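Enquirer: Below are the chains, spelled out letter by letter.
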Amino acid sequence: MSTLKPKHQRLVLVLIALAALIGAVLLAAWSLRTQADYFYLPDELVANPPPPGQAVRLGGMVERGSVETMADGVTISFVVTDQAAARVPVRYSGILPDLFVEGSGVVAEGSVAADGTFIASNLLAKHDENYVPREMQDMHKAMDSTGPEATTIGME
Amino acid sequence: MHGFANPRRFLSLASWLTPALLVSGLVLTAGALAWGLLAVPPDRLMGETVRILFIHVPSAWLGMGGWTAIAVSSIAFLVWKHPLAATAARAAAVPGMAFTAICLLTGSIWGRPAWGTWWVWDGRLTSMLVLLFLYAGYVALAQAVERDGGSPRIPAIFGLVGAVNIPIINRSVVWWNSLHQPPSITIGKSAIDPEFLIPLLVAVLGFSLLFGGVVLARMRALIAEMQHEARLRRKAWEAIDA
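If you're matching them up, the sequences are chains B and Y in order. For the first sequence, our numbering gives the first residue as 3, with consecutive numbering after it. For the second sequence, our numbering gives the first residue as -17, with consecutive numbering after it.
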């Protein structure tokens, strides 16, 4: 076996250590795959419904035209959907975040009722990656129509 | 590159590069922030709060860039044993930590109006908080080695191991569902309108120059401290001999 200069020995050691570190990260990330998700997507919630009453988070797009205000004036219902076209009806009473709009992202905290409706106790608005000035909004209709739905969230 | 590992040559370079970086960084940062805070139009959804972007994003990049600098310098120190590389790693730690803290603070302030919450434990926010704690650990470790004596390889190894968090922060919004948005700027593509993007890039450049200037200034201070201590030690030996 040929002998390396000490400098090269250290270089090889550091490279081996780096490779081991990267391997460790990839293994950890792989085992964390879905464990580290912040919320369930609608199709995950439909495919594996959690037991009624268990606290979960649901994230997706607020379906266009689905937001309705109930007779009491503070309860709203809407549908959360995703690219897999799964739909989960959501009911929520309380103050809406400013960025809660149809066709935009939302994360609902709450639980699933016996009839399959998601009862939210808290709503968080999810901003997507697009930044567009207000006065140019109309010029970006093309962008808007493929819009947030096409560009969003955790579905790669 | 090895030429600049010579402390004397480094000091003569740093003596004019430090003020040049600090002044140009300050000018660009002040200009970009004035542009971002006063001239940029409100965002379609977020309105005026979009202006936090111009502090939040450059801070995030430098928080991660600072640890990348620590990791690269640590490798250079472990392999080639240049003392200047260890000094560079130490000098990058506190500014990197400061930018990470600014990123977390501005993000929290932004999260309240944009998301409806100050904080959530999603992948991006949690991994960035871990970075802040790593910085705190690195600074404490480097100080302890300096004060109590110990191999300077200890903080270098810590800097190398802590670097695993950087790709995790970067990929966290792609690997896992998160409340934080996915990346707006990917290779060759931007989802940010030029009206926001150009002042943002100027801010990133200005913050980076400022960061470089602060790191060089800290390196000069650390070298001056070491030279001062070496001189005191020499004097003490001379006093004993005499």
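Honestly, the hints are just simulated from the structure, not real lab data. Some hints could be false.
Quick look at which bits of chain Y chain B covers, simulated, 3 or more residues with Cβ under 8 Å [stated by the list, open to error]:
id : stretch
1  : 20 to 26
2  : 42 to 50
3  : 70 to 79
4  : 140 to 146
5  : 209 to 218
Among chain B residues calculated to face chain Y with C-beta under 7 Å, some are [what the hints assert, rightly or not]:
id : residue
6  : 27
7  : 28
8  : 29
9  : 123
10 : 127
11 : 129
12 : 133
Small disclaimer: the values here were computed from a predicted structure and weren't measured. Using N, Cα and C, we set each Cβ at its ideal position, and we do this for glycine too.
Enquirer: Compare the structure with each hint and give your call.
Expert: Cross-check of the supplied hints:
1. Residues of the stretch 20 to 26 of chain Y with a Cβ under 8 Å from some Cβ of chain B number 5, which satisfies the need for three, so the listed coverage holds.
2. Interface restraint, the stretch 42 to 50 of chain Y with chain B: violated (0 residues with C-beta to C-beta distance below 8 Å; minimum three).
3. For the stretch 70 to 79 of chain Y, the stated coverage by chain B is violated: 0 residues have a C-beta nearer than 8 Å to a C-beta of that chain, whereas at least 3 were required.
4. Counting residues of the stretch 140 to 146 of chain Y whose beta carbon lies closer than 8 Å to any beta carbon of chain B gives 4, which meets the minimum of three for the stated coverage.
5. Counting residues of the stretch 209 to 218 of chain Y whose beta carbon lies closer than 8 Å to any beta carbon of chain B gives 0, which falls below the threshold of three, so the coverage claim is violated.
6. The closest approach between the C-beta of residue 27 of chain B and any C-beta of chain Y is roughly 5 Å, which is under the 7 Å cut-off, so the hint is satisfied.
7. This hint is violated: residue 28 of chain B has a C-beta 9 Å from the nearest C-beta of chain Y, more than the 7 Å allowed.
8. Taking 7 Å as the C-beta contact cut-off toward chain Y, the hint placing residue 29 of chain B at the interface is violated, the least distance being around 11 Å.
9. Because the closest C-beta pair between residue 123 of chain B and chain Y is about 13 Å apart, greater than 7 Å, the hint is violated.
10. Satisfaction of the interface hint for residue 127 of chain B is found here, the shortest Cβ-Cβ separation to chain Y being roughly 5 Å, below the 7 Å cut-off.
11. A distance limit of 7 Å between C-beta atoms decides the matter here; for residue 129 of chain B the minimum to chain Y is near 5 Å, and the interface restraint holds.
12. At a threshold of 7 Å, the smallest CB-CB gap from residue 133 of chain B to chain Y is about 4 Å, leaving the interface hint in force.
When each numbered hint is compared with the structure, violations occur for hints 2, 3, 5, 7, 8, 9.
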